[in-house]
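These are the residues of each chain, in order.
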Amino acid sequence: MKRVLLAASLMAASLSASAVVPGGDSCGWGNMFFQGQSGLPIHVVASTTNGTSGNATFGMTSGTNGCSANGTLTYGGKSMINMSSIMDEFAEDVARGHGDALTTVAVALNIEAQDRAAFDTAMHQNFSVIFPSENITADEAMASVIKVMKADSRLSKYAA
Amino acid sequence: MGLLFSSTAQSQVATHNTSDINYIESVKAEAIRQNLAGQKMWRGLLHYKDDRFSSSGYSSYVDDSNFFYAEDGNVNAEGELLRTIEEMFSLELTGNEHAQCRFVYRFKWLDSQLNLDNKKLPQQICTDYTQWRDQVNAHSVSLIFPATALNSPSSMFGHTLLRFDPKDIDEGSDWLSYALNFGANIDNDDNSFFFAFRGLAGGYPGVYNMMRYFEKIKEYNRMENRDIWEYRLNYTPAEVDQILAHVWELKDINFDYYFFDENCAFRLLELLELVRPEVNLTGRFKLDAIPTNTVRAVVNEGLVESTHFRPSELAVLHARIESLPEPLQDMGKQLANDIAVLEGAEFQSLNNEEQGEVVQIAYSYLRYVQMQTQRTKAMAKRSHQLLLALNKRSSKEVLVPQPDAPETGHKTIMTGLSLGERNDDVFQQVNYRITYHDLLDNEKGYLRGAQIILFNTELRHYQDDGVKLNRFDIVDITSLSKRNLFLEPLSWKVQVGFERVYSRGGDTGVFQLNGGAGHSYELSDSTEFFGLLTGRLEYNEEFSSIIEPGIGAETGFLYYSPIGAMKLDVGGYKFWNNDYRMKAAFNQNFNLAVDHAIRLSVAQEWHHDDDFYEVSVGYRYYF
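Taken in order, these protein sequences are the chains called A and B. Under the numbering used here, read the first sequence as residues 1 to 160, first letter to last. Under the numbering used here, read the second sequence as residues 1 to 623, first letter to last.
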């Protein structure tokens, strides 16, 4: 289950009610699909070439989204890394059935090399199940990913 | 947990007995006897540099008292060494706060040099370091170079960082690897201009930070549309471990940061040198550490095992667009704005593969557009509909042709000698440019249409008129970004400096600032057309006003042929005081070798009181 939680956090910034919201609303990184980049270009211009603005991160905690100094993202009491920002990439890769974001999530789910193609196919075939509308959140999408995996004979062992 | 433990359970601080104190003193004496403070490794670990303003003749790049145990540790290598040894035996702190855990590499090195007695050392459990090191599951290291991006001045020279990969990276995902970045810790409120200014002046402290590599991919590949070059280095897992042990010591430590020399590039080279003292990387830089030169140094020292090119999302989109015939491009653009195109007869008549490509460019384009705007309901809905459509069709990976790697391009300092004639007066000229690339220089390894010149000097000698400064450009930047059906970037230029203006009565040195904005288009693979509206402010003693404004225009063609690039352009200004100047010029570069070129230049100028011609031919050397 630990791996599943890790992967969930790959796609969700502020998860469920039990989650500590990292950085809060001012963060600009929502967890909704196709989030616009409001405020981000300015942030990027300021931090361009030279990295950090405001707070430095060191890959230690999960607060690596660059907007919370010590916002440890927790889910079920575990501290997680935050990859909310690849949700759009993941959706596109699922739609196409291949891509780096899909591989990344597979790795985070601890899916072994010989089962990656099965994972890609299962995701591809269930795009409309995982992403039924543009208004779903990252944890909803992740819950569906797990459901799809559980229903697949080769993938169910990773979703246990 | 260590902190909590030490503050509650240890109400009484233990103290050393006499035998411990004697032992610690003997260790210190031995360290002095071996002159550890003078060794390259100690100097490297403390980041000392020669500094003639310092009482000791050196000082540390680190500008942070948390990095030193001795009060004068930044200028006193031996004092810091002795204090560090004492701290390694300290009984006051435990766990993460203890010197053994805080300065992991110093401890390992001192232990290896002095063979410290395990029984005398207080044993520490470094939870934070162990956890961090476990999380940064590194087996190899790569140098990462996000290439030049022109539309953000502070990134114009590119950037470098390190990436740490786990053992099975080839079958895993480098998105999850850790990137180590050194950069100025800047205010969110600063805009690009002040960033550049304060960066040059050393107005920000520099710090290291680490994040998952996908954060960097998003930042550079997607938001800034920069290609990323990745160089896997031949460092062993043991050496990688050493680098990380030292990186840990630099957590939350402030360095001086200067844009030109003590920047990201320089700091990373120091790390690579520290664990492999036989390589010489930082010694190569006297004046500047431009990121491309970092890459060049690392390649030249034979540290690179393999090279990987990661094109920007914009490059991928360009490649997708260009792989389709124009009617399909049109359809893709329409589809991005109107989902009903999916139901149209035109779209329905395409085969599955063509449909997939049209949907893909529509989606990619929409995402590009979305980068600059907020989420709107309509756009999110359309994006989702496009993904549903894409899901039902085939989608192929597009191959972006790999350009020449940046380190294969010409070097960044240029000097030139030329011979010319101006209205029957023969002249000789010496040219020196500190950095970096002009529109006509050999484009191999550089971004086409991107000119960045800093500190360009021309000294000219006329037979009967002595030596004169002909021009001195402080900054001379031009960015020509091609527009097409989908993308509509602005092209622009800025130039500031001194130049010699000729008139009937003689010549005058003027200070000027000029700039312009406009469009450029690609007419073929090797031809570009551009047009800019321009403005100019000039300080000219011949004028009655102190600052004379003028407006004008400039247009021209660039042709990139195998022998070298050619530019034909016409431009001019009309000043507020009715003075005017026009100039038509033809310039051709002949690429002799990567670092050698011949430049031919022919120009005709028309001023309100006279006209001139100028012809010159010169040799250019890049080093």
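A hint or two may mislead.
[As the list claims (entries may be wrong)] Straight-line C-alpha distance at most 25 angstroms; calculated BS3-like pairs for lysine-lysine:
#	chain 1	residue 1	chain 2	residue 2
1	B	K392	A	K150
2	B	K392	B	K411
3	B	K482	B	K468
4	B	K377	B	K444
5	B	K444	B	K567
6	A	K147	B	K120
Treat the hints as calculated values from the structure; they're not laboratory data.
Mind listing which of the numbered hints don't hold for this structure, in increasing order?
2, 3, 4 and 6
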